[in-house]
Amino acid sequence: MSADAVLTAWQQALATEQAADFGYSALGPKLADPAQEAMARTNQLAHQQLVVDTSAQLDAAGQTPVPPEADYQLPFPVTDAASARQLALRLEEASATAWRYVVAIAASATTSATLPSTSISLNQLRGLAVTALSDSAVRAVSWRRLVTPANPSVPFPGI
Amino acid sequence: MRTITRRLLLAGAGALVAGGAGITAGELRPISGNAPTIPPPALLGVLATERALIASLQVALTALTSATGDESAALLTAVLNDHVAHRNALQALLAGYQLPSTSSLPASTHTSTSTSTSTSTRASIRRAEQQAATAARAASAASGTAGAALLASIAACEAGHAELLA
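Chains A and B supply the protein sequences, listed in that same order.
Position 13, counted from 1, in the first sequence is what numbering that gives the first Met the number 0 calls 12; the numbers after and before it change by one each time, with no gaps.
Position 165, counted from 1, in the second sequence is what numbering that gives the first Met the number 0 calls 164; the numbers after and before it change by one each time, with no gaps.
No false leads were slipped in.
Some but not every residue of chain B turned toward chain A, in silico, with C-beta under 10 Å:
#, residue
1, A84
2, A158
3, H160
Derived contacts from chain B toward chain A, CB cut-off under 8 Å, selection only:
#, residue
4, H85
5, R136
6, E162
By construction, these hints were calculated from the structure, which means they are not laboratory data.
Beta carbons: idealized from backbone N, C-alpha and C, even for Gly.
Full structure from sequences and hints, please.
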């Protein structure tokens, strides 16, 4: 796997985080429960920080971070608290998938695939991606236990 | 205007690479004739931990009584099912190797303990999940292509278990 494939996966993760940030802005006002509203705000801040950090890291790697879209169309209408929770879960699952892909691609990179000298190393990127995957999985669990209480977890987050 | 469709949200998924639980053992098995016999220690360690966690959860579920309610049993059953899936995926990944005897497997990060109350059992399992998540993350960092993503997902799942058991 080449360095270009790693950078592409990294940019895709950034795009996913940008979409998550937007999604939380849309779903937050639909949540009626104060605790869930607070959780949504906390989660959105986490995604915003990931956008900032990932953009800076890509910039350091000599890349132009993909810009956020001006607007996004939600995958389904968010009209009430139930659909808001479902969207929140979908956003976290998508984030987990994107970062798991970064882990897989970075681990597959050949020894000749090196990131620019100004970038973090492949191993550092793998570590960051594993952390982001775990964090998304934890946030997803918090929403999934509300959406599908009988099945609060999945065995392989990111798949 | 870009649609936050499942495609965009899953844009990072791309093609699953080796290490995904959905890959069959045959795809991961080393090429016949050149098969390495020494299994990756990182994978063996996580497998040992999964087996230990399964054993602990089975003990905990047996100890639960109707007085503790169905909610705890349902949660622990869901957690147990995840670990069974982890064990099966790791065994599939290691199918091409000559596994050492059980007695020489790396030590698990978890040791089963018998506890007398539902609360202490839950806390004990939560600690075990946190330790397992940390170990799986380290194993992911030490793994090559085949194991890295799988171990990262296992670590993420166990971090989620700790959250559920809080």
